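Single-letter residue listing:
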Amino acid sequence: MTALQASPPRPSSLRRWLSLLGPYLLLAPGLIWLVYFFVWPAAQMFLMAVSSGSLDNGFKLTWTLTPLHDALFNFPTQWSHSLLYGAISTSLDFLIGFPVAYTIAFRGGRYKNLLLFLVIAPFFTSFLIRTISWQILLGDEGPILSFLKHTLGVVPEEFSILYSPFAVIAGLTYNFLPFMILPLYVALEKIDPALLEASGDLYGGRWQTFRKVTFPLALPGVFAGTILTFIPTMGDYVNAELLGSPQTRMIGNVIQGRFLQTNDYPIASALSFVLMAGILLAVFIYARALGTEDLTG
Amino acid sequence: MSEHDQPLPRFNAELTRRRFLQGSALAGFGAFLAACGASTGGGESPTPAGSVFVPTAPPVATAAPSTAPTPLPSPTGPLKFANWPAYIDLAGKAGTAGVYAPGSSPTIEQFKKKYGVDVDYEEKIEDNKTFYATIQPQLQAGTATGWDLIVITDWLAAKVISKNWAEQIIPADVPNAVANLQDSLKGRVWDANNDYHYPWQSGMTGIGFNTNDLKAAGITPPTSLQELWAIKPSKVSFLTESRDTFGLGLLKLGKSADPAQTTTDDLQAVHDDIKPLVTQGLIFAGNEYLENFAAKKTWAAMVWSGDLASSGTAGDTFQVPDEGVMIWTDNMVIPKGAVNKYTAELMINFVYDPKIAAQIEDYVYYVCPVKGADVEIKKIDPSAATNPLIFPTPDMVAKYHNFQFLSDDLETALDNLYLDLTGG
Numbered sequence: 001m002t003a004l005q006a007s008p009p010r011p012s013s014l015r016r017w018l019s020l021l022g023p024y025l026l027l028a029p030g031l032i033w034l035v036y037f038f039v040w041p042a043a044q045m046f047l048m049a050v051s052s053g054s055l056d057n058g059f060k061l062t063w064t065l066t067p068l069h070d071a072l073f074n075f076p077t078q079w080s081h082s083l084l085y086g087a088i089s090t091s092l093d094f095l096i097g098f099p100v101a102y103t104i105a106f107r108g109g110r111y112k113n114l115l116l117f118l119v120i121a122p123f124f125t126s127f128l129i130r131t132i133s134w135q136i137l138l139g140d141e142g143p144i145l146s147f148l149k150h151t152l153g154v155v156p157e158e159f160s161i162l163y164s165p166f167a168v169i170a171g172l173t174y175n176f177l178p179f180m181i182l183p184l185y186v187a188l189e190k191i192d193p194a195l196l197e198a199s200g201d202l203y204g205g206r207w208q209t210f211r212k213v214t215f216p217l218a219l220p221g222v223f224a225g226t227i228l229t230f231i232p233t234m235g236d237y238v239n240a241e242l243l244g245s246p247q248t249r250m251i252g253n254v255i256q257g258r259f260l261q262t263n264d265y266p267i268a269s270a271l272s273f274v275l276m277a278g279i280l281l282a283v284f285i286y287a288r289a290l291g292t293e294d295l296t297g
Numbered sequence: 298m299s300e301h302d303q304p305l306p307r308f309n310a311e312l313t314r315r316r317f318l319q320g321s322a323l324a325g326f327g328a329f330l331a332a333c334g335a336s337t338g339g340g341e342s343p344t345p346a347g348s349v350f351v352p353t354a355p356p357v358a359t360a361a362p363s364t365a366p367t368p369l370p371s372p373t374g375p376l377k378f379a380n381w382p383a384y385i386d387l388a389g390k391a392g393t394a395g396v397y398a399p400g401s402s403p404t405i406e407q408f409k410k411k412y413g414v415d416v417d418y419e420e421k422i423e424d425n426k427t428f429y430a431t432i433q434p435q436l437q438a439g440t441a442t443g444w445d446l447i448v449i450t451d452w453l454a455a456k457v458i459s460k461n462w463a464e465q466i467i468p469a470d471v472p473n474a475v476a477n478l479q480d481s482l483k484g485r486v487w488d489a490n491n492d493y494h495y496p497w498q499s500g501m502t503g504i505g506f507n508t509n510d511l512k513a514a515g516i517t518p519p520t521s522l523q524e525l526w527a528i529k530p531s532k533v534s535f536l537t538e539s540r541d542t543f544g545l546g547l548l549k550l551g552k553s554a555d556p557a558q559t560t561t562d563d564l565q566a567v568h569d570d571i572k573p574l575v576t577q578g579l580i581f582a583g584n585e586y587l588e589n590f591a592a593k594k595t596w597a598a599m600v601w602s603g604d605l606a607s608s609g610t611a612g613d614t615f616q617v618p619d620e621g622v623m624i625w626t627d628n629m630v631i632p633k634g635a636v637n638k639y640t641a642e643l644m645i646n647f648v649y650d651p652k653i654a655a656q657i658e659d660y661v662y663y664v665c666p667v668k669g670a671d672v673e674i675k676k677i678d679p680s681a682a683t684n685p686l687i688f689p690t691p692d693m694v695a696k697y698h699n700f701q702f703l704s705d706d707l708e709t710a711l712d713n714l715y716l717d718l719t720g721g
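Sequence lines, in order, name chains Z and V.
The first sequence runs contiguously to residue 297 in the numbering used here.
The second sequence runs contiguously to residue 721 in the numbering used here.
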């Protein structure tokens, strides 16, 4: 210690370099990861989207815009399904998730951890198995419909849910619900109960307190939750594949089909690129609309 | 798994295999991982513990014709053998699970023992296109693929052979195969003299239904494609394998299902014929049709014969349509640059021994390409010997149509029309 006092830290050139580079060195693992697994593949995907050729004869970079044009304009039904199903299931997730997160955060008490565990528990089972289980749940003679048809007799014999848009939305809503609940919970959990009490002291009713205090403070969670739910639902193809029919296909199914069935890599890449760019743009607009500075803090 | 209970162990096996054939990517990925995990122990001793069988073939090397002018090369290994999941006889736990593990296939163990060479058998092929994408760059570049023997469906075998990407099979090395190949499988246009391929298994594509369920629903069992088309579309499924669906579609329209005669207009006509059914609720299924049958979601469907042969559910029926039936074959091919080419030939020869073929057939339940296997299988499973789905009757054989080897134009048209039907 005395030695340090004797010679106060003189910034040697090495040290200056270190202090300059330090943040970057600390960021390096993450940056390398991002560049190698995100930036580079994304660039490759874009280059493939402007290439032409076939798997048999090889793909050549020709800077053609045909794949991108086709990706944008040739699949209106599937694009609209993706948007529609994504929006509906995100909204449903919010409507289901908010009360759940609220209850866990404010009324969970000593069961908080157990309740949170229950939210995450389905993740211990494979995504595929969970979705295939919905085939059984929603089947014509599954537990729900057979009860409604035979026990209660309120639904006609011919009524069917599986392979309809309803089944796809149900699957999407179920599969991505935890992505909504967890960020909402984190945001709600951070709210200081004293603020709610203060609202009460200032004659704020329950509804007013919720509208003016709780909900605005939970907005970062709402933002994160909707983004985390909407993005994967937009690109999902498993639910539409397993629970839907040819009439409920989403853009993810098109990408899968072009990639694996026709080995048309350019159009598959163009579709993926458009999907990614569109989502980035939407997130950007959404963030601007909600005002991120207040949200991410 | 849903309600269709007491399936034979091999039921699951079939499910796995066909599931891959229809190319369900995620499911394929899962089992791909499983397959990777199960097949990492290739380098062990040729006689691992358990399931060691006395070789059924005489000790004299059957591969050696007595008039061989030059001394035969000696087998080298390990033989790198890529096949579809649950597509070879599996014993014990592996048999129940339908996933190969080193030492679990009597046929492989007998081969290893007989020739003293190791076999690295891997269930690496989930569907033709995905597998092709993994070997195509090497073949194109003229380097080895890492495989000595692969099992691919007709159209892909035809493509690989037409590009001169397959090693020629020397007839003298495979006398069993030359002698025992079923006549109905000879003379394929793309390799008429079997210079480059020998069939591994075949399967038929026709109409499937459960007689009991149809009776309950008040429907007459369809015997023709016309009748299948007439059933309420929301209770019917067609196949996710586009060649099967369009092949049967051609026959339904009274058109030839010979790819040499078919035009893109014909395919368009099939598409236009099926499209209205899709808007009325027709779905496309791989072998999940079995689950849909069990759940009474589907009354009748286009199905693969092997699934019905092994489903074990009472009333499950495979119907050869009046108009004809699709036949497809998965073929053993030695890719160009194979390191252990001679050993691969020995393997082809080995599985064309009727005894070995019967042993494989009694597990996989597909259409057997080997003459004499029906006699051999009687000794181990008499009921299988008379099963027309394993050993089709001459009437059935007469109705075979092979809609597999398509020109590039036809294939592109087919892919696009199929994707349009399925909404992809």
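Derived from the structure by calculation, the hints contain no laboratory data.
Careful, some of the hints might be misleading.
[Unchecked claim] With a straight-line cut-off of 27 Å between C-alpha atoms, the simulated DSSO-like cross-links for lysine-lysine are: (1) K60(Z) / K512(V); (2) K60(Z) / K190(Z); (3) K149(Z) / K633(V).
[Unchecked claim] Partner residues are not named here, just some residues of chain Z that face chain V (Cβ under 8 Å, in silico): (4) L47; (5) S52; (6) L162; (7) P165; (8) Q247; (9) N253; (10) T262; (11) N263.
Computed from a predicted model, the values in this text were never measured in an experiment.
Ideal placement from N, C-alpha and C gives every residue a C-beta, glycine not left out.
Hints, one by one, checked against the model:
Between K60(Z) and K512(V), the direct Cα distance comes to roughly 57 Å. Violation of the 27 Å bound is thereby established for this hinted pair. This hinted pair does not check out: K60(Z) and K190(Z) have alpha carbons roughly 53 Å apart, beyond 27 Å. For the hint pairing K149(Z) with K633(V), the CA-to-CA distance comes to about 60 Å; that exceeds 27 Å, so the pair is violated. For L47(Z), the shortest C-beta to C-beta distance to chain V is roughly 17 Å, which exceeds 8 Å, and the interface hint is violated.
Because the beta carbon of S52(Z) sits about 14 Å from the nearest beta carbon in chain V, more than 8 Å, this interface hint is broken. With its C-beta approaching chain V no nearer than about 7 Å, L162(Z) sits inside the 8 Å limit, and its interface hint holds. Contact between P165(Z) and chain V, as hinted, is not supported at the beta carbon level, the nearest pair being about 12 Å apart and thus beyond 8 Å. For Q247(Z), the interface hint holds, since its Cβ comes within 8 Å of a Cβ in chain V; the closest pair sits about 6 Å apart.
Proximity of N253(Z) to chain V holds as hinted, the smallest CB-CB distance being about 5 Å (cut-off 8 Å). Given the 8 Å rule on beta carbons, the hint for T262(Z) holds: about 4 Å separates it from the nearest Cβ of chain V. Checking N263(Z) against chain V by beta carbon gives a least distance of about 6 Å; that is within 8 Å, so the hint holds.
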